[in-house]
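Asker: Take a look at the letters that make up each chain.
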Amino acid sequence: MIGTAVRLARARRTLVALLVARALLLSALVGAAALTVLLVVDVIAGIPLEVRSSLAAIPWVAAFVAAGWFVAGPVRAGIRATEEQVALWFERRLPSLQYALVTQASLGAPGSAALEEAVAAAPLEHELRAAAGAALLRPALALAVAAVVLALAPAGALARLLEPAAGDALARPLLGAGDAADPLATIVVRVTPPAYADLAVTAFDDPATVSALAGSQVTIEGRGRDVRAIRGVDTLTAAATVGGLWRLHLPLPVRTTAIRLLAPARERVLLLEPVTDSAPTVRLILPGRDTVLRVAAGRVALEAELLDDLGLADGAFELIISSGGGEFFTFRSAAIGAQSFARGARAGHLASDLVLDTLKLVPGDLVHLRAVGHDRNDVTGPGRGVSETRTLRIARADEYDSVSVDPLPPSEPEKGVLSQRMILLLTEELHAREPRLSGAAVAREARAIAVDQTKLRKRVGEVVFQRLGEDNAGEHSHFAGDGHDHGDEGPLDPDAILAAAERAANVDPTRNLDHEGDETPVVAINRPLLEAYNHMWRASSELETANPGAAIPWMERAIEALQRARAAERIYLRGRPARVVVDLARVRGTGRDTGTTNARAPRPALDPERATRLARFDVALSIVVSAPAAAADSLLLLRVTVPADDRAAALALDAAAAALRRGGDLTRPLAAARRALAGDAPRRAPLTAWGH
Amino acid sequence: MHSPGERSAGGVAVIGPRRAAVELLLRTAVLGLVAWALWSVWRETAADRVATHVAFDGSPTARTRDSLAAHRGAGDRITWGGALVPLAAMVEPVREPGARWRVSVNAAGAIGLADSLGLVDSLTADERTVTMSAVRGALRVASGTTVARVVLGDGVTPGRVVVLGGAGWESKFVVAALEEAGWGVDARLTLGRDREVRQGDPTPRLARHAAVVVLDTAIGADAAALARFVRAGGGLVLAGDGARALAPALRAVAPGRVVASEPPETRHFDGLDGHAPTDALPLHVLGALRVDAVVLGVRDRSPTTAVRRVGAGRVAQMGFRETWRWRMQGDDRGQHEHRAFWSRLVASVAAVPAGAASAGGPPVPDEMSDESAPLAQLVHALGPAAAEPRPSTPRGPALPPWVGAVILGAALAEWGLRRRRGAV
Amino acid sequence: MADFVFATVQYDSGDWDSAPAVPANLIDSVARYTDIDVAPTGVIVPLGSRDLFKYPLGFLTGHLPVRFSDIERSTLRDYCRRGGLLFVDDHNHDVDGEFHRTAWEEIGRTVGPLVDLPNDHALYRSFFLFPDGPPTTSHELNGWGDNLVHKHLQAVMQGDRIAVLYSSKDYSSEWNYHPDNKRFLSVDNTKFGVNVVVYALTR
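First to last, the sequence lines map onto chains H, W and S.
Residues 1 to 692 (the numbering used here) are what the first sequence spells out, left to right.
Residues 1 to 424 (the numbering used here) are what the second sequence spells out, left to right.
Residues 1 to 203 (the numbering used here) are what the third sequence spells out, left to right.
Careful, some of the hints might be misleading.
Partial list, computed: chain H residues near chain W (C-beta under 8 Å) [stated by the list, open to error]:
| no. | residue |
| --- | --- |
| 1 | Ser-211 |
| 2 | Gly-595 |
| 3 | Pro-602 |
| 4 | Ala-671 |
| 5 | Thr-688 |
In silico EDC-like pairs for lysine to aspartate or glutamate, Cα to Cα no more than 16 Å straight-line [claimed, not checked]:
| no. | chain 1 | residue 1 | chain 2 | residue 2 |
| --- | --- | --- | --- | --- |
| 6 | S | Lys-191 | S | Glu-105 |
| 7 | S | Lys-182 | H | Asp-357 |
| 8 | S | Lys-182 | S | Asp-160 |
| 9 | S | Lys-151 | S | Asp-180 |
| 10 | S | Lys-182 | H | Glu-544 |
| 11 | S | Lys-191 | H | Glu-305 |
| 12 | H | Lys-455 | H | Asp-593 |
| 13 | H | Lys-458 | H | Glu-531 |
| 14 | S | Lys-191 | S | Asp-180 |
To give an idea of the chain W side of the interface with chain H (calculated C-beta under 10 Å), a few residues [what the hints assert, rightly or not]:
| no. | residue |
| --- | --- |
| 15 | Ser-67 |
| 16 | Ala-69 |
| 17 | His-71 |
| 18 | Gly-112 |
| 19 | Val-130 |
| 20 | Arg-140 |
| 21 | Arg-301 |
| 22 | Leu-345 |
Keep in mind that the hints were calculated from the coordinates and are not lab data.
By construction, the Cβ of each residue, glycine as well, lies at the ideal position given by its N, Cα and C atoms.
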């Protein structure tokens, strides 16, 4: 015979289990109820995708909150219940026990035989079963009903709530025949990108405009039947009907096209806009500059990086070798270091060596080097990206004394650009943190950056003065802060320095030179470097005063100046051509032949169709109230006629059409569209109006 | 039997002096009281003429305003109040292709512009002028609840423009700018040695041309014809080098003369740093302006552009040189701005085509009548706004109730006295 | 500064300075036949520089491969959009040559495709009359280069305006002599250059 204590302990465990089971049932019921409510609301009113996305977790959250509630309350109370409380629970349900069970429980030891008998005869287990039935039956039944309701709902309807996604507009069950009677009331457009792009299918619910990668396939779906589509003027396509849905497949047009969808009772316009795949971006890292070599021997390291928006296919280094001079040139071309990239690779790296010994180069030859990359575009491409071209030239013996023969590593300006960018990044980062730092901390970090900035400035200065032929003394005369006493440090005067350098080179800087801006190569290369020097000086001064924000513009100007210096070096390697000045006074009007008086043909107005588009816009506006859907269609058709370079007008019309479809306040988008179509008036007109 | 005070003389009662005095007194009292009552009634009636205070929650239509003004003219007391703000709108036709009206608004705060189809545009606090190319019906200009309504009438379609100059970048890009802006251009660009490039018919005729642009000093015999063209109603733009070293005939019509010239290449488009692009153009500084010249543009306190009326036409003198650099060397907006600058400059002098100058146009329905300055027009019609008068306290009857009784009593007494003496 | 300044365009790759006498020769011709205010000497302007916009007519030539840098492409695109005209001449007179191949590629991707310019285009009537289209050069006739007489010039059109004029006829060689030597020619072979200048200045 089982003792009372054991029976009570079992009963207690059973009661706890019962509470847990009831809590789970109730939680599931709350979750199911929340889902059912959302389902009903969605069926009746149609919850927008954005709202559904944020509501998708509601049933789960409700269930968990309910579970927490019950676990925190009844279940926790059940776990904490003592055997006396369990005994009292039985006593309330079985009055015949006459407190025998409580007495037994409170004694904690076997009591009298009479008590034992009374307890032993009590149907505790039966009572537990009855209580379990009462506690679980109703929640279980309610849950079953909810489950049946949810199970009866169409699968797509539940998926709209549990896994909302673009393109599920047609999964919403219909209550009446309203939408079914109008096959164009709700449409879904699915875009399948071309295979090379490795992109997933994207869907759009009720779009006015669909922009997709050129070469995509477009599927348009809706409820009902008897829908046709007109592309362009007269290309008519009938939609197939499958399982209550009409469906149209068509390739994405090569230019922005309005598709007119025709149903028996109405029509609707959908704009399809192709987006072109960008060609790869290719950057040649090595060699870093144009170079003149004395001997065509050795290896030249080649390195390039490639980037693409969708996926790279392959890349290589291309080289063209030109030999000869004057009127007679011969060319050889080759590709080296070719490399294929894995599918989906959006970044790639090319590296190879150019073995000069094998190229059979002779003095005067030029090797033009560049990196080339292709993407996987097999629809409109392949897109081809090319890097800048570097030139290796083999010097002739007779020009050794006139041409600077340079090594291959990056030039000083190029290294300077890189270093200056690093300093700029550090300063920008410090500027961003400035509000959170103490004044002392800002000053400390700014001064640390200033030290680097000063080092870089001196390096750039050294390059200039070495080129200008100044000796160490001259160099020292320009730099302060180096331990020498030469007064206050400050910006240099590029004009004075360059004039001095040109005087030293027996060049008269005031002479009218035939280079743009009257600049000789010496000036063109070194002036930007001197400007960069001065900008760096300003930047370090600002940093010294713990003002990183003010230093940033100077650093940006320094980078820009270094870039100009870099470009100038590439240009002026070849020296200057001869300069001829025509004696205009002598030759004016001496030609033996005479020309003719001739007619000029007028240019057309820049956009003669603008007035027509404005008139059409007005017509669309006149039906905004009576037929907003038709007005939206009119705006979309109008958008197709907007010139490709008038992106502002196209976007404004898109926004106006979308606002019309959406409803609500239309004044702003329509006014914006009208202004964009009319063209912006210039705001910097220097003439005041004169009354008439 | 005679009452006391009466005497009988030959069967005829003779009134004694006391009774006559009483009768006279009573009669005078009756007449006096009646006169006083009538005066009081008249005064009260005058005081109780219609007094109306109108509180506007928006600007009234012209019909409402005129109706109230009519009541006021008829002697009714009309006062008004409401949250109307000062607002005035002015519309003038623009003599440029495409753009048909320039709307200028004077008001504080944001302005909304709407036509019969809805909102057309809006102006911020920084903008007070907008050019419109298509408006349906009257244009409503709203600031808060105050709405001005202006009628735009017909736009103006300008005639063609003649450009005279030498073959060069300025001529090329001025012609291009005007053509791109929609002007019809006839041109003569000289190449030297009696050779030129022609387009259309570049001989200025008022029937065909609205304006002539002179870009070169070498126009020779054309100067007199140009002066006649202007006096007859045509427009003339003397621009750049065409504004300098004028022939006598043109000097007579020009608004001023060039008093100083900046050499080319003294200004640069690089580093304008927010300054107007025209700051980068070399300038022939205008001076010695005639008294009737109007300055349209100034740089560094020196006039850059001046205009004046000559006869029936107009002449503009513009000192900027090499404006083509604005288009080629300016920022991304330069091309657009250069085009708009030249179009506006030519429009400022362009002749109005015959028949388009009538100001009135066809009569407009009442709802389209002009309400271009609602507050000013309301003040003009009804006087300044006034606070709503306090409702007057109810007054008693106009005359004390005893007046009637006294009049009646006095009249009866006077009548009784006369009866007693046998008089009728 | 004179109204018209002849600008030779300098580009990163190639021998942009291969025809150094052409500018002076054309300046001389413009002065001989017209009253156009022309500068007595030309300028050399980098293709990647904003200074290019000071010269709405630019002349580009060379023998070697033409590879524009990004900044050069962007400047050229903007230059043509604003109204500039770039006259490109293949100094190789060889349609199989590297200049031709690479220049066509660069121009095509930067400004637009080159198409044949009809021989009745206004360019051939803008000052002197060339009823048969572009004048033939002695280098075409003597069989050098691609051994072809090119019937047409090519152009990238922007609207009705020439933005890039391309020649395979090697005017760079034809005009590359000192202007004083014109007196030895029975027919001035630079007259077509005057047409190009007048066209650029008036259209």
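Asker: The structure should be examined with respect to each hint, and the outcome stated for every one.
Answerer: Evaluation of the provided hints:
{"no.": "1", "hint": "Ser-211", "result": "violated (25 Å)"}
{"no.": "2", "hint": "Gly-595", "result": "holds (5 Å)"}
{"no.": "3", "hint": "Pro-602", "result": "holds (6 Å)"}
{"no.": "4", "hint": "Ala-671", "result": "holds (5 Å)"}
{"no.": "5", "hint": "Thr-688", "result": "holds (5 Å)"}
{"no.": "6", "hint": "S:Lys-191 to S:Glu-105", "result": "violated (29 Å)"}
{"no.": "7", "hint": "S:Lys-182 to H:Asp-357", "result": "violated (47 Å)"}
{"no.": "8", "hint": "S:Lys-182 to S:Asp-160", "result": "violated (34 Å)"}
{"no.": "9", "hint": "S:Lys-151 to S:Asp-180", "result": "violated (30 Å)"}
{"no.": "10", "hint": "S:Lys-182 to H:Glu-544", "result": "violated (65 Å)"}
{"no.": "11", "hint": "S:Lys-191 to H:Glu-305", "result": "violated (48 Å)"}
{"no.": "12", "hint": "H:Lys-455 to H:Asp-593", "result": "violated (65 Å)"}
{"no.": "13", "hint": "H:Lys-458 to H:Glu-531", "result": "holds (13 Å)"}
{"no.": "14", "hint": "S:Lys-191 to S:Asp-180", "result": "holds (15 Å)"}
{"no.": "15", "hint": "Ser-67", "result": "violated (31 Å)"}
{"no.": "16", "hint": "Ala-69", "result": "violated (29 Å)"}
{"no.": "17", "hint": "His-71", "result": "violated (36 Å)"}
{"no.": "18", "hint": "Gly-112", "result": "holds (8 Å)"}
{"no.": "19", "hint": "Val-130", "result": "holds (7 Å)"}
{"no.": "20", "hint": "Arg-140", "result": "violated (13 Å)"}
{"no.": "21", "hint": "Arg-301", "result": "violated (14 Å)"}
{"no.": "22", "hint": "Leu-345", "result": "holds (6 Å)"}
Checked against the numbered hints above, the structure violates hints 1, 6, 7, 8, 9, 10, 11, 12, 15, 16, 17, 20 and 21; every other hint is satisfied.
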